[in-house]
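Participant: As a plain string of letters, each chain reads:
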Amino acid sequence: MNNLSVKHLIGIKDLTKEDIELIFQTADSFKQVINRPIKKVPSLRDITIANLFFENSTRTRLSFELAEKRLSADVVNFSAASSSVKKGETLIDTVNNILAMKVDLVVMRHPNPGAAKFLSERIDATVVNAGDGTHEHPTQALLDAYSIREQLGTDFKGKKVVIVGDIKHSRVALSNIFCLQKLGAEVMVCGPTTLIPKHIHELGVKVEHNLKKALEWCDVANMLRIQLERQDIQFFPSLREYSMQFGLTKELLDSLGKEIIVMHPGPINRGVEISSDVADSKQSIILQQVENGVAVRMAVIYLLAAQINR
Amino acid sequence: MKIVLKSCTIVSSKNTYKDKQDVLINNGVIEKIAPEINEPVDQIIEKNDLHISSGWFDAKVNFCDPGNEIKEDLLSGLNAALAGGMTAVGISPNTSPAISNKSQIEYLKMKGLGNNVSVYPFATLTENMEGKNLSEMYDLKNAGAIGFTDVSSPLHGGILYRALLYAKNFNGKIISFPYDSSIFGEGYIHEGITSVSTGLKAIPSIAESMTIERDLNLVRYTNGELHFTGISTKEGVELIRKAKSEGLQITADVYIHNLIYTEEEMFAFDSMYKVLPPLRSASDRDALIEGLKDGTIDFVCSDHTPEDIENKEVEFDQAAFGIIGVQTLFAQLNKLESLTLSERIDLISSKPRRVFGLSDNSIQVGKVANLTLFNPSIKKELKSEDIISKSKNTPLVGEELTGEVYGIFNEGKLSIIE
Chain V
1 MNNLSVKHLI GIKDLTKEDI ELIFQTADSF KQVINRPIKK VPSLRDITIA NLFFENSTRT
61 RLSFELAEKR LSADVVNFSA ASSSVKKGET LIDTVNNILA MKVDLVVMRH PNPGAAKFLS
121 ERIDATVVNA GDGTHEHPTQ ALLDAYSIRE QLGTDFKGKK VVIVGDIKHS RVALSNIFCL
181 QKLGAEVMVC GPTTLIPKHI HELGVKVEHN LKKALEWCDV ANMLRIQLER QDIQFFPSLR
241 EYSMQFGLTK ELLDSLGKEI IVMHPGPINR GVEISSDVAD SKQSIILQQV ENGVAVRMAV
301 IYLLAAQINR
Chain S
1 MKIVLKSCTI VSSKNTYKDK QDVLINNGVI EKIAPEINEP VDQIIEKNDL HISSGWFDAK
61 VNFCDPGNEI KEDLLSGLNA ALAGGMTAVG ISPNTSPAIS NKSQIEYLKM KGLGNNVSVY
121 PFATLTENME GKNLSEMYDL KNAGAIGFTD VSSPLHGGIL YRALLYAKNF NGKIISFPYD
181 SSIFGEGYIH EGITSVSTGL KAIPSIAESM TIERDLNLVR YTNGELHFTG ISTKEGVELI
241 RKAKSEGLQI TADVYIHNLI YTEEEMFAFD SMYKVLPPLR SASDRDALIE GLKDGTIDFV
301 CSDHTPEDIE NKEVEFDQAA FGIIGVQTLF AQLNKLESLT LSERIDLISS KPRRVFGLSD
361 NSIQVGKVAN LTLFNPSIKK ELKSEDIISK SKNTPLVGEE LTGEVYGIFN EGKLSIIE
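Residue numbers (the working numbering), protein chains in the order written: chain V, 1 to 310; chain S, 1 to 418.
One thing to keep in mind: the hints can contain errors.
[What the hints assert, rightly or not] Which chain V residues face chain S? A few, computed with CB under 8 Å, are given here:
(1) L91
(2) P113
(3) G114
(4) F118
(5) T134
(6) R171
(7) L174
(8) K198
[What the hints assert, rightly or not] Restraint-style ranges between C-beta atoms, simulated for each label pair:
(9) E121/V - E400/S: 18 to 26 Å
(10) L252/V - F267/S: 33 to 41 Å
(11) P267/V - S103/S: 57 to 65 Å
(12) E343/S - H201/V: 36 to 44 Å
(13) H201/V - I309/S: 37 to 45 Å
(14) E400/S - A306/V: 39 to 47 Å
No wet-lab data here; the hints were simulated from the structure. No residue lacks a Cβ here, since even glycine has one placed at the ideal position from N, Cα and C.
Required output: the full structure, derived from the provided sequences and hints.
Facilitator: Right, dumping it as structure tokens:
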């Protein structure tokens, strides 16, 4: 099979296990490409891509832009404050204006859940979701799983991954849950009780509120960034108190009696989710994640672009 | 003026007419009901499988007039109601400005004159719906307000307490929409597997049931009378069932879409289904239907809420709440196959009329005709151009609906839908 089962990448929920494996295999060859002296392939010379970011982002946007340029696509960037709708122009109008300039593929980040799906149903171009509110962030989940695969091998069966932090407001958590489960891994979520959705267990994940117990259980710990900007009410008293309960320190890591893999989607709040010595330790694969992000995004865009008539 | 309705099936829970009857209406009054009426008349109405029942009443519609006439105005709303077979509608006061004084009630009544659908306005419970001072309920009631509601704005306990007490003097009907947004923040959809897997903000069932419990305590304490509108949870149904058996003077209604759809619709992020209270789980929906059967919930209304495309065809978070429904209320109700036809009709005629103290409009010789003429089994696809409302926000376009309205008699006057 050399084609994805979907036309757009809206969420991991829509992908099959075969889709995910195809993306990984494709990413393997692109990872070789970006480690060569000439880091570029000419595959998408005739494709124009617009990166539309309705929410602040530095690294995701940079990662997408690099992936697109290394595939030789033409790239335009559009950033707007999340209040663009309040200014009067609707999302559809904004996007149609950009599409009128003949764009083939749109990478969009947006503060509202479902925005990417909404867009994909109403425009002609291919849509890649770069994060829609608290819904999904599929390329992040793909690069996380790809990074785990590099460390632990291609068979995810029986592998245990804990996601720690603000699960309630996290699109990364949701996409990771869907992705890891499709690949056969077991998933646990861990965080303050106020930040774990009441019905999360219905997705088939374990729930734990004690970080040490969670770490003893797992092979991989994915420490999420605390995103104060996505909380409209206070869910815990202070960052200090959060890190006392859910911060990963060297001492805690060493007390486990086994080596686990530590991940973080970035940007890190050093000393909050993760202490500096853990972030910089050899158990941490945070920078590999960033490198893999480019390869995985190249794979996603390459595979979706293959379905565009040209 | 003599009109005869030929060969009617008379639908009524206390129906004594088993076979098809001819009904003679003379100058607006039902003069004779008999198997065969052959005397000379001015007009004969014969329709395919004609059914008649006492006239229908949609007790909660939003007609956006004054303020948002671009979405709906009183006349377009009344025309939609006529197409839906209504002889009366209860109009929500959440207009702009809100219906909060006598002259605004009179505006609606006067503007509705000449239309064959009766206008029954509700007034705000607090002045201008600000939640602070009680509105002039006594004066408003005398002007024609049939109840007092701040619609979907939450009521503070203190305000509701005083309203329940104050309205006892003159039998004012106080209405509560049970929804507490202070604990969980603003949400849009039912809390459960769908909210978890879509990331959409949720309104847990407890936001409703906590408010119902508080309100019931106030009813108990004041010995007052309260109507709950828009029940959506199984917990809510159970609380009301218990309170009724305890003898509290409460009534309740449910919006039609909460009886038909469930949270499943949210997986597609389709803002057409964004409503308040939200579509809940299948077990909630089943409990609501059970509540209708045993009388826990008194009646069904459409909560007709027109919205223009600019407010619906946007990202889910930004979309407005609401579905239009006054025209399709009967067709939607027909989907509830576990109820008999006459039970369904009671839920949109005699039952809501009783709750709000409207006159008895049962079919009897000697009474002024207040009837809906319809066929309960014709199937027809709803096309966008068939929608009479100015707004088209309904998921029903393109769907084959069961049931067609032929016309109404209201205050003895006939309107036939062409």
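Participant: Run every hint past the structure and note whether it holds.
Facilitator: Checked hints:
1. L91: 6 Å, holds
2. P113: 4 Å, holds
3. G114: 3 Å, holds
4. F118: 6 Å, holds
5. T134: 4 Å, holds
6. R171: Holds, because the Cβ-Cβ distance from R171/V to chain S comes to roughly 6 Å (cut-off 8 Å).
7. L174: This hint holds: L174/V lies near chain S, its Cβ roughly 6 Å from the closest one there, short of 8 Å.
8. K198: Because about 7 Å separates K198/V from the closest Cβ in chain S, which is inside the 8 Å limit, the hint holds.
9. E121/V - E400/S: 18 to 26 Å: At 24 Å between Cβs, range holds.
10. L252/V - F267/S: 33 to 41 Å: Holds - the Cβ-Cβ distance for L252/V and F267/S, about 39 Å, lies within 33 to 41 Å.
11. P267/V - S103/S: 57 to 65 Å: 59 Å, holds
12. E343/S - H201/V: 36 to 44 Å: The hint (36 to 44 Å, Cβ to Cβ) holds, given that E343/S and H201/V are roughly 39 Å apart.
13. H201/V - I309/S: 37 to 45 Å: Because 39 Å falls inside the window, the suggested range holds.
14. E400/S - A306/V: 39 to 47 Å: Holds, since E400/S and A306/V (Cβ atoms, about 40 Å apart) stay within the stated range.
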